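Visitor: Sequence:
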Amino acid sequence: MNALLPLLAGLGTGLALIVAIGVQNTYLLRLAVTASVRVVAAAVVVCAASDAVLILAGVLGVGVVVERFPLAVVVIRFVGAAFLLTYGVLAAKRALRPSGDAMRVEQAADDDGVPAPAAAPAGQTRTSIPAPSATAPSTSATSASATSPTAEPAGRTGVVPPGRGGVTTRPAAPTMRAAVLTMLVFTWANPHVYLDTLVFLGSVANQQGVDDRWWWTIGAAAASCLWFGALGFGGRLLRPLFARPLTWRVFDGLVAVVMLSFGVALAVGA
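Mapped onto numbering that gives the first Met the number 0, the consecutive letters of the sequence shown carry residue numbers 0 to 269.
Among these hints, one or two may not hold up.
[To be verified] Simulated DEER-style distance windows between Cβ atoms:
no. : residue 1 : residue 2 : range
1   : G268      : R243      : 19 to 25 Å
2   : A2        : V267      : 24 to 30 Å
3   : R96       : V209      : 56 to 62 Å
4   : V209      : V256      : 43 to 49 Å
5   : P239      : T85       : 42 to 48 Å
6   : V209      : L95       : 51 to 57 Å
7   : A2        : G252      : 31 to 37 Å
8   : G208      : P239      : 44 to 50 Å
9   : G60       : A264      : 24 to 30 Å
10  : S202      : V249      : 16 to 22 Å
11  : V209      : L70       : 17 to 23 Å
12  : A71       : L236      : 38 to 44 Å
13  : S202      : A48       : 20 to 26 Å
14  : Q206      : R96       : 47 to 53 Å
Think of the hints as simulated: they come from the structure by calculation, not from any bench.
Note that the structure is a prediction, hence the values are computed from the model and not measured.
For every residue, glycine included, the Cβ atom is placed at its ideal position computed from N, Cα and C.
Please construct the entire structure, taking both the sequences and the accompanying hints into account.
Guide: Spelled out as C-alpha coordinates, the structure:
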(Lines of atoms letter the chains of each structure in order from A and count residues from 1; the text may use other names and numbers.)
(Lines give C-alpha, C1' and ligand atoms only; values in the text may rest on other atoms or scores of the structure.)
Protein backbone atom coordinates (compact mmCIF):
# COMPACT_ATOMS: atom_id res chain seq x y z
CA MET A 1 0.00 0.00 0.00
CA ASN A 2 2.88 2.37 0.78
CA ALA A 3 4.34 1.78 -2.68
CA LEU A 4 0.99 2.12 -4.48
CA LEU A 5 0.46 5.79 -3.69
CA PRO A 6 3.76 7.11 -5.11
CA LEU A 7 3.42 4.76 -8.09
CA LEU A 8 -0.02 6.15 -8.93
CA ALA A 9 1.21 9.69 -8.34
CA GLY A 10 4.05 9.16 -10.81
CA LEU A 11 1.64 7.58 -13.31
CA GLY A 12 -0.73 10.55 -13.11
CA THR A 13 2.04 13.14 -13.38
CA GLY A 14 3.59 11.38 -16.36
CA LEU A 15 0.27 11.16 -18.19
CA ALA A 16 -0.45 14.83 -17.51
CA LEU A 17 2.76 15.78 -19.31
CA ILE A 18 2.60 13.53 -22.37
CA VAL A 19 -1.15 13.28 -23.12
CA ALA A 20 -1.27 16.31 -25.39
CA ILE A 21 -1.02 17.13 -29.08
CA GLY A 22 2.70 17.23 -29.77
CA VAL A 23 5.23 16.36 -32.42
CA GLN A 24 5.80 12.85 -31.06
CA ASN A 25 2.11 12.06 -30.88
CA THR A 26 1.25 13.33 -34.35
CA TYR A 27 4.09 11.45 -36.01
CA LEU A 28 3.30 8.26 -34.09
CA LEU A 29 -0.32 8.50 -35.20
CA ARG A 30 0.83 8.85 -38.80
CA LEU A 31 2.91 5.70 -38.43
CA ALA A 32 -0.02 3.89 -36.84
CA VAL A 33 -2.19 4.30 -39.95
CA THR A 34 0.51 3.77 -42.58
CA ALA A 35 3.27 1.49 -41.28
CA SER A 36 3.43 -2.18 -40.35
CA VAL A 37 3.17 -3.43 -36.78
CA ARG A 38 6.95 -3.83 -36.51
CA VAL A 39 7.60 -0.22 -37.48
CA VAL A 40 4.94 1.05 -35.08
CA ALA A 41 6.33 -1.14 -32.29
CA ALA A 42 9.84 0.21 -32.89
CA ALA A 43 8.57 3.79 -32.74
CA VAL A 44 6.67 3.07 -29.51
CA VAL A 45 9.80 1.55 -27.97
CA VAL A 46 11.85 4.62 -28.97
CA CYS A 47 9.35 6.99 -27.34
CA ALA A 48 8.83 4.98 -24.15
CA ALA A 49 12.51 4.07 -23.70
CA SER A 50 13.61 7.67 -24.29
CA ASP A 51 11.20 8.92 -21.64
CA ALA A 52 12.31 6.24 -19.19
CA VAL A 53 15.99 7.13 -19.71
CA LEU A 54 15.32 10.84 -19.27
CA ILE A 55 13.19 10.32 -16.16
CA LEU A 56 15.82 8.07 -14.61
CA ALA A 57 18.54 10.58 -15.46
CA GLY A 58 16.51 13.31 -13.81
CA VAL A 59 16.09 11.26 -10.65
CA LEU A 60 19.84 10.65 -10.57
CA GLY A 61 20.51 14.37 -10.77
CA VAL A 62 21.46 14.87 -14.39
CA GLY A 63 18.92 17.68 -14.61
CA VAL A 64 21.30 19.83 -12.56
CA VAL A 65 23.88 19.51 -15.35
CA VAL A 66 21.34 20.74 -17.89
CA GLU A 67 20.56 23.77 -15.73
CA ARG A 68 24.26 24.62 -15.42
CA PHE A 69 24.90 24.47 -19.19
CA PRO A 70 22.04 26.41 -20.81
CA LEU A 71 24.04 26.83 -24.04
CA ALA A 72 23.52 23.14 -24.82
CA VAL A 73 19.76 23.61 -24.55
CA VAL A 74 19.94 26.64 -26.86
CA VAL A 75 21.77 24.63 -29.54
CA ILE A 76 19.24 21.82 -29.26
CA ARG A 77 16.45 24.37 -29.48
CA PHE A 78 17.57 25.78 -32.82
CA VAL A 79 18.27 22.34 -34.29
CA GLY A 80 14.83 21.16 -33.25
CA ALA A 81 13.18 24.34 -34.56
CA ALA A 82 14.80 23.91 -37.98
CA PHE A 83 13.67 20.28 -38.20
CA LEU A 84 10.10 21.06 -37.10
CA LEU A 85 9.75 23.97 -39.52
CA THR A 86 11.00 21.85 -42.40
CA TYR A 87 8.63 19.00 -41.53
CA GLY A 88 5.76 21.45 -41.11
CA VAL A 89 6.33 22.99 -44.55
CA LEU A 90 6.37 19.53 -46.15
CA ALA A 91 3.15 18.60 -44.37
CA ALA A 92 1.51 21.82 -45.53
CA LYS A 93 2.60 21.06 -49.09
CA ARG A 94 1.04 17.58 -48.87
CA ALA A 95 -2.19 19.07 -47.55
CA LEU A 96 -2.47 21.80 -50.21
CA ARG A 97 -1.15 19.85 -53.20
CA PRO A 98 -1.30 16.10 -52.57
CA SER A 99 0.72 14.07 -55.03
CA GLY A 100 -1.29 11.60 -57.08
CA ASP A 101 1.60 9.14 -57.04
CA ALA A 102 1.93 9.39 -53.26
CA MET A 103 -1.79 8.95 -52.67
CA ARG A 104 -2.03 5.77 -54.76
CA VAL A 105 0.47 3.28 -53.45
CA GLU A 106 0.48 -0.43 -52.86
CA GLN A 107 -0.72 -1.80 -49.57
CA ALA A 108 1.81 -1.70 -46.77
CA ALA A 109 3.52 -4.88 -45.62
CA ASP A 110 1.41 -7.13 -43.44
CA ASP A 111 2.07 -7.82 -39.78
CA ASP A 112 4.76 -10.37 -40.61
CA GLY A 113 6.57 -7.91 -42.83
CA VAL A 114 5.65 -9.72 -46.08
CA PRO A 115 4.77 -7.17 -48.79
CA ALA A 116 1.40 -7.40 -50.43
CA PRO A 117 1.34 -8.56 -54.06
CA ALA A 118 2.19 -5.75 -56.42
CA ALA A 119 -0.66 -4.36 -58.48
CA ALA A 120 -0.22 -3.32 -62.08
CA PRO A 121 -0.61 0.44 -62.66
CA ALA A 122 -3.66 1.69 -64.46
CA GLY A 123 -3.35 1.43 -68.21
CA GLN A 124 -0.70 -1.26 -68.10
CA THR A 125 -1.06 -5.01 -68.42
CA ARG A 126 -0.38 -7.80 -66.04
CA THR A 127 0.56 -11.22 -67.36
CA SER A 128 -0.04 -14.38 -65.38
CA ILE A 129 1.88 -17.54 -66.26
CA PRO A 130 -0.39 -20.57 -66.63
CA ALA A 131 0.20 -23.63 -64.52
CA PRO A 132 1.43 -26.69 -66.45
CA SER A 133 -1.43 -28.82 -67.70
CA ALA A 134 -1.43 -32.33 -69.04
CA THR A 135 -4.09 -31.60 -71.61
CA ALA A 136 -4.50 -28.58 -73.82
CA PRO A 137 -7.76 -26.59 -73.42
CA SER A 138 -10.41 -27.04 -76.05
CA THR A 139 -11.05 -24.38 -78.66
CA SER A 140 -14.56 -23.68 -77.39
CA ALA A 141 -13.39 -23.29 -73.78
CA THR A 142 -10.65 -20.91 -74.84
CA SER A 143 -13.09 -18.82 -76.85
CA ALA A 144 -15.59 -18.66 -74.01
CA SER A 145 -13.00 -17.56 -71.46
CA ALA A 146 -11.62 -14.94 -73.83
CA THR A 147 -15.03 -13.29 -74.21
CA SER A 148 -15.96 -13.50 -70.51
CA PRO A 149 -15.92 -10.03 -68.87
CA THR A 150 -14.88 -11.36 -65.48
CA ALA A 151 -12.39 -14.11 -66.16
CA GLU A 152 -8.71 -13.46 -66.85
CA PRO A 153 -7.40 -16.35 -68.95
CA ALA A 154 -4.08 -17.87 -68.06
CA GLY A 155 -1.26 -16.64 -70.22
CA ARG A 156 -3.16 -13.55 -71.34
CA THR A 157 -3.11 -9.97 -70.19
CA GLY A 158 -5.64 -7.96 -68.27
CA VAL A 159 -5.91 -4.33 -67.30
CA VAL A 160 -6.12 -3.57 -63.61
CA PRO A 161 -8.57 -0.69 -63.03
CA PRO A 162 -7.40 2.28 -60.93
CA GLY A 163 -8.06 1.87 -57.24
CA ARG A 164 -8.26 -1.93 -57.41
CA GLY A 165 -5.93 -4.86 -57.17
CA GLY A 166 -4.58 -3.97 -53.70
CA VAL A 167 -4.19 -0.23 -54.36
CA THR A 168 -5.08 2.06 -51.50
CA THR A 169 -5.16 5.80 -50.92
CA ARG A 170 -2.81 5.53 -47.96
CA PRO A 171 0.52 7.37 -48.44
CA ALA A 172 3.67 5.31 -48.65
CA ALA A 173 4.76 3.99 -45.26
CA PRO A 174 8.26 4.95 -44.08
CA THR A 175 10.88 2.30 -43.65
CA MET A 176 11.97 1.06 -40.24
CA ARG A 177 15.16 3.11 -40.41
CA ALA A 178 13.43 6.30 -41.47
CA ALA A 179 10.70 5.96 -38.83
CA VAL A 180 13.15 5.31 -35.99
CA LEU A 181 15.53 8.11 -36.99
CA THR A 182 12.70 10.60 -37.37
CA MET A 183 11.23 9.66 -34.02
CA LEU A 184 14.65 10.00 -32.37
CA VAL A 185 14.98 13.52 -33.76
CA PHE A 186 11.46 14.44 -32.65
CA THR A 187 12.29 13.18 -29.16
CA TRP A 188 15.87 14.27 -28.51
CA ALA A 189 15.98 17.50 -30.54
CA ASN A 190 13.15 18.97 -28.47
CA PRO A 191 14.53 21.07 -25.59
CA HIS A 192 11.21 20.85 -23.75
CA VAL A 193 11.79 17.14 -23.20
CA TYR A 194 14.87 17.99 -21.13
CA LEU A 195 13.15 20.72 -19.15
CA ASP A 196 9.94 18.76 -18.55
CA THR A 197 11.36 15.27 -18.09
CA LEU A 198 14.89 15.76 -16.78
CA VAL A 199 14.37 18.84 -14.65
CA PHE A 200 10.70 18.83 -13.70
CA LEU A 201 10.00 15.12 -13.29
CA GLY A 202 13.41 14.54 -11.78
CA SER A 203 12.86 17.20 -9.14
CA VAL A 204 9.34 15.98 -8.35
CA ALA A 205 10.59 12.40 -8.02
CA ASN A 206 13.34 13.43 -5.59
CA GLN A 207 10.74 15.13 -3.38
CA GLN A 208 9.05 11.79 -2.72
CA GLY A 209 11.63 10.50 -0.28
CA VAL A 210 14.48 8.04 -0.60
CA ASP A 211 12.31 4.94 -1.00
CA ASP A 212 9.15 6.33 -2.59
CA ARG A 213 10.97 8.16 -5.39
CA TRP A 214 11.76 4.90 -7.17
CA TRP A 215 8.12 3.80 -7.13
CA TRP A 216 7.19 7.26 -8.38
CA THR A 217 9.75 6.88 -11.18
CA ILE A 218 8.31 3.50 -12.18
CA GLY A 219 4.84 5.04 -12.36
CA ALA A 220 6.04 7.93 -14.54
CA ALA A 221 7.85 5.55 -16.91
CA ALA A 222 4.76 3.31 -17.03
CA ALA A 223 2.69 6.33 -18.10
CA SER A 224 4.88 6.72 -21.18
CA CYS A 225 4.55 3.04 -22.04
CA LEU A 226 0.76 3.11 -21.66
CA TRP A 227 0.22 6.28 -23.64
CA PHE A 228 2.54 5.61 -26.56
CA GLY A 229 1.42 1.98 -26.76
CA ALA A 230 -2.25 2.98 -26.81
CA LEU A 231 -1.64 5.69 -29.41
CA GLY A 232 0.53 3.55 -31.65
CA PHE A 233 -1.47 0.33 -31.66
CA GLY A 234 -4.89 1.87 -31.04
CA GLY A 235 -4.34 4.32 -33.88
CA ARG A 236 -4.38 1.40 -36.33
CA LEU A 237 -8.15 1.25 -35.81
CA LEU A 238 -8.40 4.54 -37.71
CA ARG A 239 -7.09 3.02 -40.94
CA PRO A 240 -10.56 2.78 -42.58
CA LEU A 241 -11.06 6.49 -41.93
CA PHE A 242 -7.66 7.33 -43.44
CA ALA A 243 -8.50 5.39 -46.61
CA ARG A 244 -10.05 8.63 -47.87
CA PRO A 245 -7.73 11.20 -49.49
CA LEU A 246 -9.66 14.06 -47.84
CA THR A 247 -8.86 12.67 -44.39
CA TRP A 248 -5.15 12.75 -45.21
CA ARG A 249 -5.37 16.33 -46.41
CA VAL A 250 -7.07 17.39 -43.18
CA PHE A 251 -4.61 15.41 -41.07
CA ASP A 252 -1.58 16.82 -42.90
CA GLY A 253 -3.02 20.29 -42.42
CA LEU A 254 -3.25 19.71 -38.66
CA VAL A 255 0.27 18.26 -38.63
CA ALA A 256 1.54 21.35 -40.43
CA VAL A 257 -0.09 23.62 -37.84
CA VAL A 258 1.37 21.62 -34.95
CA MET A 259 4.87 21.38 -36.40
CA LEU A 260 5.07 25.00 -37.52
CA SER A 261 3.67 26.25 -34.18
CA PHE A 262 6.20 24.26 -32.18
CA GLY A 263 8.99 25.22 -34.57
CA VAL A 264 8.25 28.94 -34.29
CA ALA A 265 7.90 28.66 -30.52
CA LEU A 266 11.32 27.00 -30.27
CA ALA A 267 12.93 29.53 -32.63
CA VAL A 268 11.73 32.52 -30.60
CA GLY A 269 12.54 30.82 -27.32
CA ALA A 270 8.98 30.39 -26.08
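Visitor: Could you tell me whether the CB distance from A2 to G252 stays inside 31 to 37 Å?
Guide: violated (46 Å)
Visitor: Just tell me: holds or violated, for the beta carbon distance of S202 and A48 against 20 to 26 Å?
Guide: At roughly 22 Å between Cβ atoms, A48 and S202 fall inside 20 to 26 Å, so the hint holds.
Visitor: Do V209 and L70 keep their Cβ atoms within the hinted range of 17 to 23 Å?
Guide: violated (33 Å)
Visitor: Indicate whether the distance between the beta carbons of G60 and A264 respects the range 24 to 30 Å.
Guide: Check passed, 28 Å falls within 24 to 30 Å.
Visitor: State, for the Cβ atoms of P239 and T85, whether the hinted interval 42 to 48 Å holds or is violated.
Guide: For P239 and T85 the Cβ distance comes to about 31 Å; the hint is violated.
Visitor: Falls inside 44 to 50 Å, the C-beta gap from G208 to P239?
Guide: holds (49 Å)
Visitor: Between the beta carbons of G268 and R243, is the distance compatible with 19 to 25 Å?
Guide: violated (39 Å)
Visitor: Mind checking the hinted window 38 to 44 Å against the Cβ distance between A71 and L236?
Guide: holds (40 Å)
Visitor: Between V209 and L95, does the C-beta distance stay in 51 to 57 Å?
Guide: For V209 and L95 the Cβ distance comes to about 56 Å; the hint holds.
Visitor: Verify the CB-CB distance for S202 and V249 against the hinted window 16 to 22 Å.
Guide: violated (40 Å)
Visitor: Falls inside 47 to 53 Å, the C-beta gap from Q206 to R96?
Guide: Holds - the Cβ-Cβ distance for Q206 and R96, about 51 Å, lies within 47 to 53 Å.
Visitor: State, for the Cβ atoms of R96 and V209, whether the hinted interval 56 to 62 Å holds or is violated.
Guide: holds (58 Å)
In summary, the structure is inconsistent with hints 1, 2, 5, 7, 10 and 11 from the numbered list given earlier, while agreeing with the others.
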